[in-house]
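2 protein chains.
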Amino acid sequence: MKILVAKTAGFCFGVKRAIDIAFQIAREKRKEVYTFGPIIHNPQVVERLRKKGIVPIDSIDEKKDIKALIIRTHGIPLKISQEILSRGYEMIDATCPFVKKAQHYAKLLNKEGYQVVILGEKNHPEVQSLMSYAGSDAVVVNGATPLPKLKRKIGIVVQTTQPLEVLKNVLSGTLKLAKEIKVYNTICNSTALRLNETERMARKVDVMVVVGGKNSANTTQLTRLCEALAVPTYHIETASEIRKAWLRKANTIGITAGASTPAWIITDVEKRMRDIGG
Amino acid sequence: MKILVAKTAGFCFGVKRAIDIAFQIAREKRKEVYTFGPIIHNPQVVERLRKKGIVPIDSIDEKKDIKALIIRTHGIPLKISQEILSRGYEMIDATCPFVKKAQHYAKLLNKEGYQVVILGEKNHPEVQSLMSYAGSDAVVVNGATPLPKLKRKIGIVVQTTQPLEVLKNVLSGTLKLAKEIKVYNTICNSTALRLNETERMARKVDVMVVVGGKNSANTTQLTRLCEALAVPTYHIETASEIRKAWLRKANTIGITAGASTPAWIITDVEKRMRDIGG
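Top line first, the protein sequences correspond to chains A and B. Under the working numbering, the residue at position 194 of the first sequence is numbered 194, and the numbers go up by one with no gaps. Under the working numbering, the residue at position 54 of the second sequence is numbered 54, and the numbers go up by one with no gaps.
In isolation and in its complexed conformation, chain A is listed as follows:
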């Protein structure tokens, strides 16, 4: 049995940066520091941080003793940032710099008079944060459902983890509806590279194992991509989920992982596979 591990699997720049910030705070043994939402979409990493005293909260009304808040890598809505500052809490911003850029472009497009169209998943925290900068006439589209009625002049920003193909399709669709379109392609490079490598890998293996948070959008994208290529695909969070039956008839197995999956989990998965597969 041959096991291939994607070179692009695991932490991207923004996630690594956010985790470094959070663990640094943990090392300083500061009290009453929380993360706003899970800092990244990986329950195992969030759990490790919790054990070190950095706990996620979903609302600033949840705790009374807040001293500082670490902002999740996906960013938070503008109103919440303002509320955090107005309450005098320290804000430790671990928002991915690429998400910050997308927020900036959403704000700029709105200021320039464009109706902002955000391509992404409506309920994803990154998209929620982008919405808060995009003005009252902004809309979210996901590339799967039909486009809404749009104004003549639209500006597009993209959730950083969307596939380029979806942007291409949405852009083609908007061409029929709007006369002036300004696009900031805010898809981050590591997303594109990871999707490309995963696609190439999935085409040559018998089984794909995708490792990462079940709540991770980009990990789910990887799973969907492999499934679309009709290769048996399993999305797991940790090595303990691997079943011997998956590997039985496989000569070659591919492992890929989302941007929020830590290296130690990927190594565990590979090791467990070798143990089971013999």
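Because the hints were derived from the structure by calculation, they are not lab data. Hints are not guaranteed to be accurate.
No distinction is drawn between identical chains; accordingly, a pair holds when it is met within one copy or between any pair of copies.
What the hints assert, rightly or not - Straight-line Cα separation of at most 25 Å, BS3-like style, residue types lysine-lysine; simulated pairs: (1) Lys7 with Lys176; (2) Lys176 with Lys101; (3) Lys100 with Lys168; (4) Lys176 with Lys100; (5) Lys179 with Lys16.
Model the placement of chain B on the given structure of chain A, informed by the hints.
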């Protein structure tokens, strides 16, 4: 034999306007008035104007006795406009208002710091005129040959008679090369409607006859579209070119025509077909 004539065949708004201007000048019997280039891409109309004393010239050095110049519907390069004015000739501007708009956007994009990408046919006078407004780093792309290296920030304008499908493809391609893209979809509505009706018609007839100047870009587009649908297609300028053999086995024949084809030629073609086809 059933003959269908496309409702969208023939003069568009901009061509009708230019022809009205030119024939009005002819009626005024003014002397030493020329058109810069053929006013529209239809040799038969240009010939009718010539007989009324309005002759096309290709260069302002061609004649010594110029009093006034009618600017062709496709527009002319900025430098030539300036030269005409500096020589004190009267300029009668019959440029299509939609082409004027595209010129304006090319200029605006350049001013805003975008590398201007013009989608169209490099040697077409409309594209030549757009180029003159688009700045020194502007490039022309045609959707068929690979895209050149582009800057990070590009602005797209489109020759008014290009098909939307080509714009979609070019836009998808530029997404890989540029991070910020501003598109003015300057394809004129009548082009889109004509292409759509022609496509629907070509799908249900046995033979398509496309009427219009051999030098007309949008007529050639119609021909190419029909050919791509694998229906026998004939591009003619006048009724005299129709051959009986084309109609022999056809139950239904479709007639469409470019934006620069006058109604009298379309009527002639239909009449001649009925005469031949019985």
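Subject >> In rising order, the numbers of the hints this structure does not comply with >> reply: none
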